[in-house]
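*Asks:* Work out the full structure: start from the sequences and follow the hints.
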Amino acid sequence: MWFKAKAPVLGDFEQLVLLGVLRLELQDSAYGAAIRQEIHARSGRDVSINAVYTTLERLEIKGFLKWWVGDPTPQRGGRRRKFYALRPAGVAALRQAYRAFTSMADGLQARLETK
Amino acid sequence: MKIDPPRFAIWLLSMRLRDEWRDFVVGDLEEEFAARHGDSPVAAHAWLWWQTMRCLAAPPPTRPNPSLHRPSQGDSRMRTLFADSRYALRVMSRTPSFGVAVVSVLAVGIGANTAIFSIVNSVLLRPLPFEEPERLVRIFTRTPGGRPFELSAGKFYGWQREAQSFEGMAMYRFRQFALGGTGTARAIQAGAVGAGFFEVVRARPTLGRLFRPEEDSPGGKYVAILSDRFWKTELGGAPDVIGHTLKLNDETYTIIGVMPTSASVASWAAMACDIWVPMALTDEQRAARGNHNQQGVARLKAGVELAQARSEMDAISTQLGREFPNTDKGWGAVIIPMQEEIVGDRRTMLLMLLGAVGLVLLIACANVGSLLFTRTLGRRKEIAIRSALGAGRGRVFQQLLVEALLLAVVGGALGLLLAHGALTSASTLLASQVPRAEEISIDARVLLFVLGVSLLTGILAGALPAVRAGRSDLNDALKEGGRSDGAIGIGTRRLLIVCEVALSLVLLMGAGVMTQSLLALRHGDTGFDPNNVLKMDVRLVDTRYPSPAQRSSFLDAALQRIRALPGVEAAGTIDDLPLKEGSSQTLDLEGYPPQREPVAVQVRQITPGYLRAMRIPLLRGRDVVESDAEVLLVSRDAAKLYWGADDPIGRRATLPFSKTVLRRVVGIVGDVKQRNLSEATTPTVYFYTREPYGKATFVIRTSVPPATLAQPAVGAIRAIDPEQPVVDIRTMVQVLDGGLTSQRFSALLLGVFAGVALLLAALGIYSVLSYIVRGRSREIGIRTALGARRADVLRLVIVEGMSPALAGIGAGMIASLASAKVMETLVFGVSPSDPLTLAAVAATLALVALMASLLPAYRALRLDPVRVLRGE
Chain A
0 MWFKAKAPVL GDFEQLVLLG VLRLELQDSA YGAAIRQEIH ARSGRDVSIN
50 AVYTTLERLE IKGFLKWWVG DPTPQRGGRR RKFYALRPAG VAALRQAYRA
100 FTSMADGLQA RLETK
Chain B
0 MKIDPPRFAI WLLSMRLRDE WRDFVVGDLE EEFAARHGDS PVAAHAWLWW
50 QTMRCLAAPP PTRPNPSLHR PSQGDSRMRT LFADSRYALR VMSRTPSFGV
100 AVVSVLAVGI GANTAIFSIV NSVLLRPLPF EEPERLVRIF TRTPGGRPFE
150 LSAGKFYGWQ REAQSFEGMA MYRFRQFALG GTGTARAIQA GAVGAGFFEV
200 VRARPTLGRL FRPEEDSPGG KYVAILSDRF WKTELGGAPD VIGHTLKLND
250 ETYTIIGVMP TSASVASWAA MACDIWVPMA LTDEQRAARG NHNQQGVARL
300 KAGVELAQAR SEMDAISTQL GREFPNTDKG WGAVIIPMQE EIVGDRRTML
350 LMLLGAVGLV LLIACANVGS LLFTRTLGRR KEIAIRSALG AGRGRVFQQL
400 LVEALLLAVV GGALGLLLAH GALTSASTLL ASQVPRAEEI SIDARVLLFV
450 LGVSLLTGIL AGALPAVRAG RSDLNDALKE GGRSDGAIGI GTRRLLIVCE
500 VALSLVLLMG AGVMTQSLLA LRHGDTGFDP NNVLKMDVRL VDTRYPSPAQ
550 RSSFLDAALQ RIRALPGVEA AGTIDDLPLK EGSSQTLDLE GYPPQREPVA
600 VQVRQITPGY LRAMRIPLLR GRDVVESDAE VLLVSRDAAK LYWGADDPIG
650 RRATLPFSKT VLRRVVGIVG DVKQRNLSEA TTPTVYFYTR EPYGKATFVI
700 RTSVPPATLA QPAVGAIRAI DPEQPVVDIR TMVQVLDGGL TSQRFSALLL
750 GVFAGVALLL AALGIYSVLS YIVRGRSREI GIRTALGARR ADVLRLVIVE
800 GMSPALAGIG AGMIASLASA KVMETLVFGV SPSDPLTLAA VAATLALVAL
850 MASLLPAYRA LRLDPVRVLR GE
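Protein chains in written order, with numbering that gives the first Met the number 0: chain A, 0 to 114; chain B, 0 to 871.
Calculated from the structure, these hints are not laboratory results. Among the hints, a few may not be true.
To be verified - Taking lysine to any residue pairs in the SDA-like style, the calculated list, with each CA pair at most 25 Å apart, reads:
#: 1; chain 1: B; residue 1: K694; chain 2: B; residue 2: E625
#: 2; chain 1: B; residue 1: K820; chain 2: B; residue 2: A679
#: 3; chain 1: A; residue 1: K65; chain 2: B; residue 2: Q549
#: 4; chain 1: A; residue 1: K81; chain 2: B; residue 2: T653
#: 5; chain 1: A; residue 1: K81; chain 2: B; residue 2: R6
#: 6; chain 1: A; residue 1: K81; chain 2: B; residue 2: P60
#: 7; chain 1: A; residue 1: K81; chain 2: A; residue 2: S47
#: 8; chain 1: A; residue 1: K61; chain 2: B; residue 2: P58
#: 9; chain 1: B; residue 1: K672; chain 2: B; residue 2: R521
#: 10; chain 1: A; residue 1: K81; chain 2: B; residue 2: W46
#: 11; chain 1: B; residue 1: K300; chain 2: B; residue 2: T281
#: 12; chain 1: B; residue 1: K246; chain 2: B; residue 2: Q549
*Replies:* Next up, the structure:
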């Protein structure tokens with residue numbers, strides 16, 4: 000529709016997932032369970048694996064992510080992993096979100112960081 | 000080590016997820032489950048199930064995913080289903096009491112079904128906890144009379160040599176050992192097993208090794224394998240136990256192995272032992288063909304059918320009968336699958352109970368159906384508006400069905416909790432009632448059962464009102480003050496009452512017949528008087544009492560001391576108490592030609608005092624006394640069987656195990672139920688000998704409550720020999736009750752089911768009648784205003800309630816007569832279609848129906864015609 004923004008804005012959970020991929024992709028270990036655990040460990044949100052994959056799928060359709068399939072490993076019952084990495088558009092979107100967040104939060108650190 | 004996640008969850012996920020996601024999601028979950036399992040297995044399971052539930056509810060989408068590209072058009076099936084569920088929840092929350100009522104009725108119905116199904120599942124459906132259990136069989140001899148009987152070693156080795164159908168065949172028997180070195184006397188249960196026993200069962204020790212062939216001989220060393228339980232409780236689970244020794248019956252046994260927990264199977268006595276030792280038969284014992292005191296187990300070869308093995312064994316038995324005509328002629332072989340042997344006659348009982356509890360669920364369905372129906376009628380206007388706005392019949396139907404299903408699923412979940420609670424709290428009770436009780440649990444199959452039953456219940460209870468609602472007339476429903484609800488669907492609900500009452504009658508009849516059968520068994524004539532009798536078992540060990548004289552003097556001394564106790568009226572011993580299997584032999588009579596087809600009678604070894612202690616009547620002649628040596632008492636039937644019309648007193652006979660000793664008959668006594676309560680009395684010969692063998696059950700008649708004498712009586716035996724174990728101290732009444740556990744169990748459960756059914760039926764009648772009275776209040780008001788008497792109004796309502804109830808009673812009588820066949824094998828001493836019981840049950844139901852009609856009738860009486868008519 001005419002009022003819809005051209006570049007889709009990242010939702011809150013999408014940001015978490017993209018950040019998870021960003022953290023893990025350097026070690027080539029950005030796959031579902033690892034991203035889920037990373038989000039759980041850092042943000043305390045114990046999300047379900049299907050939520051993670053649903054979001055990853057959506058981000059991939061938006062053109063933010065690329066993926067490939069790894070080799071089967073025995074500790075997964077011989078099942079394969081699906082690895083993700085950021086595309087430039089994904090990095091850009093994340094950067095935009097980060098900028099928006101930091102500039103909005105600028106000067107408020109004292110109030111936001113107190114408990 | 001890789002830890003396997005719950006397979007059922009993984010299976011559910013694999014079914015739900017699309018191919019493109021399955022590997023990734025399931026793999027991720029398995030991986031994280033394994034990581035979490037290390038911290039806490041329980042938490043890991045909970046986590047995995049939580050994740051599974053969420054994935055099942057909303058799995059990752061498939062591509063191309065339409066919902067991402069275009070807004071969905073119209074109602075997709077799932078979407079309306081969710082909308083219907085949400086709506087149902089909202090409707091329900093408006094009248095929570097209705098929801099609570101329906102859910103609790105369903106929870107009771109589904110819970111009871113789940114509990115019984117869990118038992119059936121564990122006892123009948125789940126394979127036995129052995130390796131390839133379907134190939135394990137028990138082997139017995141078949142007596143010339145056609146009964147399965149214990150094995151003799153000679154026959155067993157004959158079979159073992161010839162039979163080709165089996166991978167292995169082994170003999171075993173039970174021994175009781177006195178565990179020495181602990182200061183006090185303690186008896187432990189041991190299995191004396193022949194060569195190859197553990198190979199047939201496929202039990203492997205966790206520590207040490209199995210018996211070697213050379214150890215299964217009398218010259219072999221004394222060695223023992225421990226059960227896991229014995230090893231842990233008695234020896235503290237010491238890892239260096241191999242090579243240590245145990246004192247059993249004053250002999251030193253070397254421990255050579257320890258079995259794992261998994262090898263202990265409570266439902267099969269041979270694997271429930273504390274320890275196992277080699278059988279170590281002498282050559283003479285191995286050749287014995289007439290002495291039947293061994294048990295047998297075998298494993299069929301893969302691919303060999305039971306019938307094949309049976310016919311082969313029959314052929315071998317016939318062959319052996321020709322070779323050894325004296326001992327083997329007429330004897331056969333019996334092969335029974337292990338599962339059948341363990342479950343035994345409980346199978347019919349359990350299936351009957353499952354059927355009965357199914358009836359309870361049907362009644363609950365009828366009840367809930369009736370409630371939903373009433374409710375649907377109350378919502379006629381709402382439904383009519385929905386139809387007017389364009390909702391098709393299908394939509395209305397679906398919505399009402401979803402409501403019913405939702406209630407049923409909640410009821411099912413609660414029922415599952417109920418069943419779990421009931422099974423846990425009744426686990427000790429169950430242990431004595433059904434075989435394999437320790438294996439009863441709620442597994443995936445039970446969960447599937449609950450789900451299936453819940454959905455079925457929802458459909459059964461919900462379909463009728465839903466169909467009926469779709470048919471209601473729009474115009475009529477929308478009319479203001481349309482208050483003729485009372486007339487709608489009355490026929491349907493009357494039919495529901497007829498069904499409820501009929502089903503209740505079938506259940507009540509079952510419970511009534513079962514209880515009568517229990518009473519008949521419990522209080523029927525056993526031939527002895529079980530009240531005020533205490534019994535205890537003593538087994539004199541050969542090593543301590545090697546000579547018959549020593550055993551005889553021990554028994555004499557023990558009886559003397561026991562008789563001297565205050566409160567003891569009489570005391571004696573017998574080798575095997577009534578209601579227990581025992582020796583069965585044939586007699587050779589002096590001065591009579593040998594019988595062509597000798598009939599075996601029960602043979603028991605007693606001491607003086609036994610008859611008086613059990614109050615077995617002495618019909619003629621005299622009782623045995625201490626000064627006797629080698630004399631016989633015969634029961635009336637045994638006398639008739641052997642001596643016919645002649646008087647047996649003063650005549651002599653020999654018993655097969657001591658052909659040289661001629662024993663004189665001194666008296667004729669009453670017949671006793673030797674084998675079990677549900678069989679008739681059995682002809683019996685009692686002998687009193689100065690050379691007893693070491694097995695004795697003391698029977699003590701008391702003038703005080705028998706249980707109070709347990710301590711002093713054990714003390715009397717300990718005073719003679721402090722190391723002598725005394726076991727199984729019970730009153731005779733307890734022994735009698737112990738033989739009735741399965742009847743008691745089914746009578747109790749049937750009683751509970753019938754009670755619930757009665758309550759539900761009463762509730763059903765009450766709710767429908769209340770509804771009718773409310774619907775017809777205007778009519779009743781007008782009648783009252785026109786001068787109808789109170790009695791007329793009363794009759795109007797009660798006839799309304801009683802006519803379907805009476806129709807139900809009639810239908811139920813026919814149904815229970817038709818289903819009498821099922822009960823035939825389960826009851827004793829009473830016909831399953833006993834007219835007196837049927838009449839009593841019908842009267843009870845009629846009374847309950849009347850009571851249920853009274854309250855609505857009372858309400859109708861109190862209607863004020865002025866207010867009713869003004870209320871228009």
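*Asks:* If a hint holds in the structure, say so; if it doesn't, say that too.
*Replies:* Okay, the hints, checked on the actual structure:
1. B:K694 with B:E625: holds, 19 Å
2. B:K820 with B:A679: Within the cut-off at roughly 22 Å; holds.
3. A:K65 with B:Q549: violated, 93 Å
4. A:K81 with B:T653: Cα-Cα ~87 Å, so violated.
5. A:K81 with B:R6: holds, 23 Å
6. A:K81 with B:P60: holds, 15 Å
7. A:K81 with A:S47: holds, 16 Å
8. A:K61 with B:P58: holds, 19 Å
9. B:K672 with B:R521: holds, 12 Å
10. A:K81 with B:W46: holds, 22 Å
11. B:K300 with B:T281: Violated - the C-alpha atoms of T281 (chain B) and K300 (chain B) are around 29 Å apart, more than 25 Å.
12. B:K246 with B:Q549: Distance of about 22 Å is within 25 Å: holds.
Checked against the numbered hints given earlier, this structure breaks hints 3, 4, 11; the rest are met.
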